[in-house]
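Participant: In case you want the letters, here they are:
Number of protein chains: 2
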Amino acid sequence: MFNAVQKEIIPVPDNVKRALKEVLGEHRVLDDEMDRLLYSYDATRIKMLPNVVVIPETQEEVQKIVKICYENEIPITPRGAGSGYTGGALPVKGGVLISFEKMDKILEIDEDNAIARVQPGVITFNLQKEVEKRGLFYPPDPASYKFCTLGGNVAENAGGPRCVKYGVTREYVMELNTVIHNGEIIHSGKPTLKDVAGYDITRLLIGSEGTIGLFTEITLKLIPKPKAAKTVKAIFSDIASVGKTVKDIFKAGISPSALEFMDNLAINAVEDFGHFGLPRDAEVLLLIEVDGHPKAIDDEITEVARICEMNGAKVEIAKTTQDAAKLWEARRALSPAVAKLARTKINEDIVFPRSYLPEALPRLREIGKKYNLKMVNFGHIGDGNVHANFMINGLDPDEVARAEKAVEEVFNLALEYGGSITGEHGVGITKAEFMPKQFKPQELEIMKKIKRVFDPLDLINPGKMGID
Amino acid sequence: MFNAVQKEIIPVPDNVKRALKEVLGEHRVLDDEMDRLLYSYDATRIKMLPNVVVIPETQEEVQKIVKICYENEIPITPRGAGSGYTGGALPVKGGVLISFEKMDKILEIDEDNAIARVQPGVITFNLQKEVEKRGLFYPPDPASYKFCTLGGNVAENAGGPRCVKYGVTREYVMELNTVIHNGEIIHSGKPTLKDVAGYDITRLLIGSEGTIGLFTEITLKLIPKPKAAKTVKAIFSDIASVGKTVKDIFKAGISPSALEFMDNLAINAVEDFGHFGLPRDAEVLLLIEVDGHPKAIDDEITEVARICEMNGAKVEIAKTTQDAAKLWEARRALSPAVAKLARTKINEDIVFPRSYLPEALPRLREIGKKYNLKMVNFGHIGDGNVHANFMINGLDPDEVARAEKAVEEVFNLALEYGGSITGEHGVGITKAEFMPKQFKPQELEIMKKIKRVFDPLDLINPGKMGID
Chain C
0 MFNAVQKEII PVPDNVKRAL KEVLGEHRVL DDEMDRLLYS YDATRIKMLP
50 NVVVIPETQE EVQKIVKICY ENEIPITPRG AGSGYTGGAL PVKGGVLISF
100 EKMDKILEID EDNAIARVQP GVITFNLQKE VEKRGLFYPP DPASYKFCTL
150 GGNVAENAGG PRCVKYGVTR EYVMELNTVI HNGEIIHSGK PTLKDVAGYD
200 ITRLLIGSEG TIGLFTEITL KLIPKPKAAK TVKAIFSDIA SVGKTVKDIF
250 KAGISPSALE FMDNLAINAV EDFGHFGLPR DAEVLLLIEV DGHPKAIDDE
300 ITEVARICEM NGAKVEIAKT TQDAAKLWEA RRALSPAVAK LARTKINEDI
350 VFPRSYLPEA LPRLREIGKK YNLKMVNFGH IGDGNVHANF MINGLDPDEV
400 ARAEKAVEEV FNLALEYGGS ITGEHGVGIT KAEFMPKQFK PQELEIMKKI
450 KRVFDPLDLI NPGKMGID
Chain U
0 MFNAVQKEII PVPDNVKRAL KEVLGEHRVL DDEMDRLLYS YDATRIKMLP
50 NVVVIPETQE EVQKIVKICY ENEIPITPRG AGSGYTGGAL PVKGGVLISF
100 EKMDKILEID EDNAIARVQP GVITFNLQKE VEKRGLFYPP DPASYKFCTL
150 GGNVAENAGG PRCVKYGVTR EYVMELNTVI HNGEIIHSGK PTLKDVAGYD
200 ITRLLIGSEG TIGLFTEITL KLIPKPKAAK TVKAIFSDIA SVGKTVKDIF
250 KAGISPSALE FMDNLAINAV EDFGHFGLPR DAEVLLLIEV DGHPKAIDDE
300 ITEVARICEM NGAKVEIAKT TQDAAKLWEA RRALSPAVAK LARTKINEDI
350 VFPRSYLPEA LPRLREIGKK YNLKMVNFGH IGDGNVHANF MINGLDPDEV
400 ARAEKAVEEV FNLALEYGGS ITGEHGVGIT KAEFMPKQFK PQELEIMKKI
450 KRVFDPLDLI NPGKMGID
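As you go down the protein sequences, you meet chains C and U in turn. Going letter by letter, the first sequence gives residues 0 to 467 in numbering that gives the first Met the number 0. Going letter by letter, the second sequence gives residues 0 to 467 in numbering that gives the first Met the number 0.
Don't take each hint at face value.
Any copy will do: because identical chains look the same in the list, a pair fits if it lies in one copy or spans two.
[Stated by the list, open to error] List time: in silico PhoX-like cross-link candidates among lysine-lysine, alpha-carbon distance up to 20 Å:
id, residue 1, residue 2
1, Lys-226, Lys-294
2, Lys-145, Lys-128
3, Lys-104, Lys-447
4, Lys-373, Lys-318
5, Lys-132, Lys-250
6, Lys-339, Lys-369
7, Lys-224, Lys-294
It should be emphasised that the hints constitute simulated quantities derived from the structure, not laboratory data. All values derive from a computational prediction rather than experimental measurement.
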């Protein structure tokens, strides 16, 4: 799973390269070794070389590229920022890789209707900055939000800390322009909150990991920017109490805008990385934010603090927005901080129904011990989405073998409690072999057939999701 | 469109009836004239006779029914409460009609995870009552909520007044068990807020109007019950100001939990029906509710009232919850009240992007005048979803012909502003012919092919949505 290799490399013949260059010009069709290398990896650190990299700037260019490739039976792999954790942007069969880096325009921010129309290569953070200037808000905030792209976010149905209250990317996509096999554009959705004409093709496309078609334009729903927020830091000495606290907060009728946890190893990794003043001896840390109307959140944060205390935590409400910002900066440093702990980070993102967290979290930690692996757990515990990280030396075959077994047990644990093998990262290459654990053969068969409706020759991002 | 007739009636041969009776017993397989008549209509008042009506009580029975019918090439039409406005539950091709009236059990309300597991025949209101007893909340509230069923709500992706803040049925469905052509059950989704494994089959099924498969079990997301609510009544003397008010409320960063309008004819219809004390001379009435934390909503309702006044309205904030309840009772009486205005109610539910309402609403009213038809407009103006009702004598062919032209103009108007021909009611039979207005041929072709993935012989609720 971590050492996936290209299956079958389809070269791009010269006549196809020439046709692509006619559309894009010489400088946006790259086929020298160095350029191909630059586009051969993503956050998995697996490397797969494309045969040619193309860089379109317009929807029409994408249409022409897809038409040329499809007619010549060349596989097409779309790529946003390459920040994915499951290999979604890797060209499993070589062929043409389409980088959306130059389709990075915010086409429109319509304040009256609270929608934004963007190209797929817009960086998530750039949209957020622009809409917040106008008193609007685009909630989905994957850890990579400063460099990942909205096209990738839609393809993976990206999440993030704020999704526990505001929902995932799926809840914000209103319309999509999607280029399919013959180069035609399928338009789906409407820029309205309600629209029930026809099948919901938009939501079939969201989370399809680029295997159905290529997004060229995205309309996103925006909401009013919350007027205020408060953060509480709660330190626990055992993990089961954390699970109970999460349950109790929701049962009190409070919907936090973030409810994040990090275990002792995670806390120490962050402190090594940036000295944020987190308690190095804490077993578990919860960071909880509530947002909304200033008068409401004063009450709510006090109630959250009380619930944490009742469950045995040492609690501190951030006094200023600066104090709160520092806590969230620490949380955001987690991903790079943890990555420093070892050569290879196996980053899984399983999900448990909330009520099972008190039971499941201690069992999760046992898996790391059983296989004698350094395991760091953190994540979006408010929605049951746990990032279970095994920090290994990828060059040590024994450690890799133990990690593979451990990951399988992690997935089994999530499924045992009715959860999912992936909450945010998608399936891609690395989880493809586990799809039969979560789905029956007929369910996978249906997904395969749906892919074929849009992509009869299996050339659009092939080799992904276990449905090729 | 209003006088749709059965296309081709497939009779159910005796051997199939016998097989069905073996599964269900004599008394749950109905084929006498009177029983068939009872299941031959819905809220469209179009009549289409099924050949046989079957009433399963379990998932396993549904599986067997579908298997028997499919093997014998008998069309299958699922039916909830028959409260749909577009003919979704009518057996266009005769055959077997499956009524879910006895699959009406709430299987589980899991307070810890805030989810409910139900059979498809549960009445929406019954679930709402049960979860509210536990401090939880199921927001979708179609006008028919006291008798419509959750299976039908999922099939149609039902909306309602509260959806402007809380989203439509789609946002609350977590898992589905769906019986497909061969009698097998497809399970989709997980009872967690995040899950990105595989294609989003759940959301493909939501709003598919029963044309893909038959739901036998539904897991719904619940949220904390809002702690308090306040309502304001605002009376306007012109419709363009109403559109501007709606825009201004959202631009102030307020997300109302209902934002409903009714025009003069609607107000008078309600007053004739129930004497709720609404102002009979008002041109337009807005009812606006905000809900949430008690301290926050005091501020918000004051701000909403101020915005209405600035736009020229006469405003009154309901002093007590009883006063507020009376206003909402008036709103809920609208559907039956308006139905009394004429023999036939043509009830359309177009959607406009919010910003176009000031311009579109006066134009909408002109259509009624142009065709000399009694036109009543009301609806969920907060999300741009307008119920445009033509009250006609369905026995007068000239009036019917004018109404058909008027409806087409109404759809054209919605599409001209980038809206949709249906926000809540679905396509069914009555809007099927208009699908090519909203979709390109290739987009419709894709929907047809997706249907065939699940239903190769086109026997599952055939003749609907313009994709047969």
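Participant: Now tell me if each hint is right for this structure.
Facilitator: The hints, checked one at a time:
1. Lys-226 to Lys-294: Both, since 10 Å and 14 Å are each at most 20 Å.
2. Lys-145 to Lys-128: Answer is within: at 11 Å inside a copy they meet the 20 Å cutoff, but 44 Å across does not.
3. Lys-104 to Lys-447: neither (33 Å within a copy, 34 Å between copies)
4. Lys-373 to Lys-318: This pair counts as neither: shortest intra-copy Cα distance 35 Å, inter-copy 61 Å.
5. Lys-132 to Lys-250: Classified as between; 13 Å across copies, 35 Å inside a copy.
6. Lys-339 to Lys-369: Neither: 23 Å inside a copy, 72 Å across copies.
7. Lys-224 to Lys-294: both (16 Å within a copy, 19 Å between copies)
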